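As you go down the protein sequences, you meet chains A and B in turn.
If you use the numbering used here, the first sequence corresponds to residues 1 to 295, in order.
If you use the numbering used here, the second sequence corresponds to residues 1 to 302, in order.
Derived by calculation from the structure, the hints in this document are not laboratory data.
Where hints are given, some of them may not hold.
Claimed, not checked - DMTMM-like mimics (lysine to aspartate or glutamate), calculated; alpha carbons at most 25 angstroms apart, straight line:
#1 A:K114 - B:E285
#2 A:K193 - A:D217
#3 A:K114 - B:E188
#4 A:K114 - B:D190
What the hints assert, rightly or not - Covered by chain A, per the in silico footprint, the following chain B stretches (three or more residues, Cβ under 8 angstroms):
#5 192-201
#6 208-215
Only a predicted model underlies this, so the values are computations on that prediction, with no experimental measurement involved.
Positions of the beta carbon are idealized from the N, C-alpha and C atoms, including for glycine.
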Amino acid sequence: MSARASGTATAPPEPAGRRPEAGARIELSGVTKRFMTPAGTAFTALQDVSFEVEPGQFCAVVGPTGCGKSTTLTMVSGLDRPSAGTVRTGGRPVDGIAPGTGFMFQSEALLPWKTVLGNVALGPLLRGAGRRDAEDRARDWLRRVGLSGFEDHHPHQLSGGMRKRASLAAALINEPSILLMDEPFGALDVQTKAIMSNELLGLWEQTRPSVLFITHDLEEAIALADRVVVMTVGPGTVKAVYDIDLPRPRGAVQEIRFEPRFLEIHQEIWESLRDEVSRAYARTGSASTGTESDR
Amino acid sequence: MSGATSRTRQAAPISAPILGRPAADDEATIAAEAARQVRRRRLLVGLSRAAVLAFVLVGWQLFTQWKIVDPFFFGQPTGIVSRMRDWVVDGTAYGTLWSQIWVTMKEALLGFFFGVSAGIVLGVLLGQVRFIADVLGPFIKIINAVPRIVLGSIFVVWLGFGTTSKVLLAAVLVFFVVFFNAFQGVREVDPVLVANVRILGASRWQVVRHVVLPSALTWIIASLHVAFGFAIIGAIVGEFLGAQEGLGLVIATAQNNFDPDGVFAAMLIIAVVALTAESLISLLEHRLLAWRPPSHSEVGGA
Ligand SMILES: Nc1ncnc2c1ncn2[C@@H]1O[C@H](COP(=O)(O)OP(=O)(O)O)[C@@H](O)[C@H]1O
Ligand SMILES: [Mg+2]
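So here's chain A without its partners, still in its complex pose (with noise of 0.2 angstroms):
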C-alpha cells in the first residue's frame, strides 16, 4: 500500500473503481548504462535517464531500434544493475530481482520442453506454493486468457498469439505490482496484435499493476498508455514525456486511433519521434564508416 507521492501533478485524473495501490511506483533517476565491448572500451547505452511510473499507470517507451529500451526494463526487473543513477520500484532501490515483477519478452521465453500448463504453473511452484495449487491457479490463468483446452500442449504446438497469451498468463500469475512487457506483441500481424493490446488492457484493469511497456509502435503506445517516454537513440536518453488524457476504459484499441484527440496527440508526439528515427536510419545506413571515424 504505497501513498502517492506528492508533485505528480501530471498524473492523469484517476476514475472510481480503481486500485492504484495495486501497482508500485517505478522511479528511474539519472540512470547510466555502460556495456563493455569486446575491444575492451565502453560503449554507453543509457545516459541520466530519468522519469516515473505512477503506481498502477501504464506507461509505454517508444524509440527506436538500439536506443536502451530493453536496457531499461532490464535495469527496472534487477536483472542487470546501473552504471550510474538508480532505480526504486514502490520506493526500494531495486538491489536483485523483487518478487512482485513479472516480465514478458520480446522473444520467446517459454520452456519448450514443459506443457502450457507446466509453464503458467513455473510462477507460483518457484515461489514456493504446491504443485496442486500452482496447477490449479494456472488452469485458472489459462482460462482467463482463452487457452483452455490447451494445458497439455507444447510451445511449439501454439500458434504465435497463443504463444504470447500462455507468456502473458505466466507473467500474470504471481500477480505482480510491476509488470515489464519487452515488445511484446511485436512479432505479432495487426489483427492479433489488436486483439491481444484490447486483452491485455482487460486484464490490467483487473488487478492493476505498474506496467513499464516497450514498444517501437506510436499507435500501440497511445491507445495502450497513460505516459508516453520518447527516448533519443543512442546513447539512449529521455526525450520527452506525455501524459495521455484519453479517458478510460478505452475500448478497442483498433478503434481509438480515428478518435480527433488521439490523432492530435499522435501528431504532438511524432513530431518528437520522427527526428529520432531518421537518426537512427541514417546511423544504421552509415554503420561502418561511422564507426570507423569513432576511432
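Model the placement of chain B with the ligands on the given structure of chain A, informed by the hints.
Frame of chain A; chain B with the ligands shown alone:
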C-alpha cells in the same frame, strides 16, 4: 447430389490403373497412391540391402573357397558361423560365451555409468561457473589431446587384470565425450529462458533444474550414442591389454592362435550388442525429448 458426384468420382480411379496412370483427382486416391509409392520404395530399399549383404557374404565365401584370398588370413563366413556354434555349444576357453559377453557388458555399462555421471556433473558445473571453466580450460584441452586409450596400459598396471581397470578405461573414454557436450549444451542455453525463470523466482539450483539441464539434455543425449561405443571400446581394449575373461580376451586369444574366424565372430557379437544398446538409447532419446517438434525425431526414422 453431392453423394452421387463423390461416388462417380471415387469410381473412376478404381478402373484407372488398368489404363496405366491412376487419375488422382480425389483426396483419398492421392493419399492411397502416395502410401503405395512409399511402400514400394521401402521394399526396394530393403531388397537392395539384402542384395548387397548377399553379394558381400557370397563373394567373401567364394573368394576364400577358390583360394583367391587366403582363408588363413581372411576367415570365411561359414568358418565364422561354425566358430560361433562352437562357442554357443561348448563355450570359450574361459567359460561360456554368455559369461564372456556379460563380463564385457558389465565393464562397459559401469564405465558408461560413471563416465556419463562425471561428464554431466562437471560439464554443467564448468558451463555454469565461468571462473572454474577459465581456470581448468587449458588442462582439459591438454588431457583431451592425449591419446587416452594408452591410459589402459597404466590402469592395468595400477589396478591389475580385474574388472576395475576396464571400467576405469571405459569411464575415461566416455567422460570426455559427455563432458564436452554437456559443457557446450550449457553454454548454448537461451539466456532469455534463464532470465524469465529468474524473474519468476527461481533460485540458482532451480535455474539449473528447470532450464539448464533440460536444455543441455538435447546435447547430452546426442553424445550418449557415441559414448556407448566408447564404453565398449574401453572394455574390449582393457581386456585386450590384460584380463582373465571377457570378449576382448577371446579376441586376443583368437589372434594369438591365428584364428581370424574367431576374431570376426567376436566382432559380430560385439556389433549386435552395440546395436541393441544403441536402439535402447534411441528409445530413451525419444522418451526424454518427446517435447521436441516432430520434424526433429523424424530425421532418424529411417
Ligand atoms: N549485454 C550487452 N553488451 C553489450 N552491448 C549491449 C548489451 N545489451 C545491449 N547492448 C547495446 O546497447 C544498445 C541498446 O540495446 P537495447 O536496450 O537492446 O536497445 P532496444 O531495446 O531499444 O532496441 C544497443 O546498441 C546494444 O547493442
Ligand atoms: Mg529491445
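We went through each hint and held it up to the structure:
no.	hint	result
1	A:K114 - B:E285	holds, 16 angstroms
2	A:K193 - A:D217	holds, 11 angstroms
3	A:K114 - B:E188	holds, 18 angstroms
4	A:K114 - B:D190	holds, 15 angstroms
5	192-201	holds (count 9)
6	208-215	holds (count 4)
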